[in-house]
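For the sequence shown, the residue numbers in the numbering used here are 175 to 675.
I should point out that these hints are in silico values taken from the structure, not numbers from a laboratory. A couple of the hints might just be wrong.
As the list claims (entries may be wrong) - Cross-link-like lysine-lysine pairs, in silico, BS3-like; alpha carbons within 30 Å at most:
id, residue 1, residue 2
1, Lys567, Lys218
2, Lys559, Lys642
3, Lys567, Lys386
4, Lys218, Lys386
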Amino acid sequence: MIALDGPEDLTTATYRRIVHAREAVGMTDRALARVERSRRLFLKHLETGAICYGVNTGLGALAGRDLDDEESQLLPRHVLLGRAGAVGAPFPAVVSRGAMLIKLAQFLTGSSAVSAELCRFIADRLNDGFTPLIPSEGHGMAGEIIPLCHLAQTFIGEGYLLDENGGRMPAADWLRDHRVTPYAPQSKEGLSLINGVAAAPAVAFEAVARLKDTLSLATLAAAATAEGLGASVEAFSADVARLRPDPGMREVAAMLRRLVSGSTITRGTRQPAVSIRVAPHVHGALHAAIGRLEQAVIAEWSAIGDNPVFIPDEASPAFGRLLHSGNFHCAELTQQVEAAALAIAQLALLSERRLHRLLDDRFSGLAPQLARRPGLDAGLVILHKAVLGLTAKVRSLSVPPSLQHGETSFGQEDAMTMIFPALDRLAEIDRLARLVATYELYAALAAIDQRRQTPGTAIQAVLDRARKEIPAHAGDRSYGPDVERLALMIETGQLPLPVIE
């Protein structure tokens, strides 16, 4: 069992062990004591007659309305009913589990003033495989009240869960079948469950892993294109990389050198097209963007975004202070998501240019369009035409969603990050970029076949593996099924991709 003391214990490795590998999670005695102390002092603070947003007042634009005792008792459950407004396909199970884990770790700081009982309930449900269904569409709001409401309402027997097959089942049925008493949220707990940021970093964490794979694929495709063109690779040299203090560029250049190592291909003496020479720079920029995004994810799951937070103080007559803030506004994470989207869009556009160079006999010295019988055969030009449709979509996604926010709740909530639309955009550009790089790799392998020389050892291994499933290009045929087969081999790990640290 992995015992958490607080958010600082959530490393990427620990996160994967709990969320992906489903190792059991628990809490240290110190963490539970901290939570219990904060909760005890918070309740004493309320007994002094303190006004607390979302405890004895309304929410949002209705924050100015005080609630009587009966309404205050109803509110913790009530807030989990009226804010689950999302629709569409559910987020993956790892996102729901990740969001639960992040909320648990944040609660262990004591700043939310929730009970130890709630913390135990969340930990137990993580260990039970309890997976709330969070719809993926309709998340325009300050903070994360919509996705977190979908998540947290399952604790009280409302909403839906994902079953083991990815289908939906009522949360109430699961709780009944597993003889688990629905949780009864107490003062402030309903608000704390839907406050802050937890689902977005869980989505972004999965995006980081995906982006790393796309970078590896595109870098393999770039190296294979250099081999297919018989292009000079001196732009990848350590001497060139040393002249630019850019860690991402240097890492990608080193990987490109490793990929072409062992090659006996005769190379041109003239400098190749810019799209070949700047591959380390453009791919390196994505490498750097991924690193910054990963750091922003870690920072976000360590942040306490509850509003208000409680600062316990036993020496104070009020037993502590309530502080209102905007810590639920994940501006940095959103900016890094947007930066990664721009970086991977640049990657896709560069891949398209390299593909075009592969088909041009002026650059390759091979048959025009890599046609086996030029004139009778059109060759692989149709691949480039297909890719232009994909890159048009990439360009259509160029406007950052974070600039599209509005205001709601009669102006009380007048700034939003639009993190979920930004994450959607990133995922779509990533999907398109992977397809573009797959097309490029397909054409590059065909060019290497035509060149009849031995490429780098790593690229030869990729070529040999691909040819077991996809015959060499010998004349015009339907290429769509070939490209889809290559994409499936990449997706399922059948094709060895380089690992870029």
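Review point. Which of the numbered hints are not met once you compare them with the structure shown?
Key: 1 and 4
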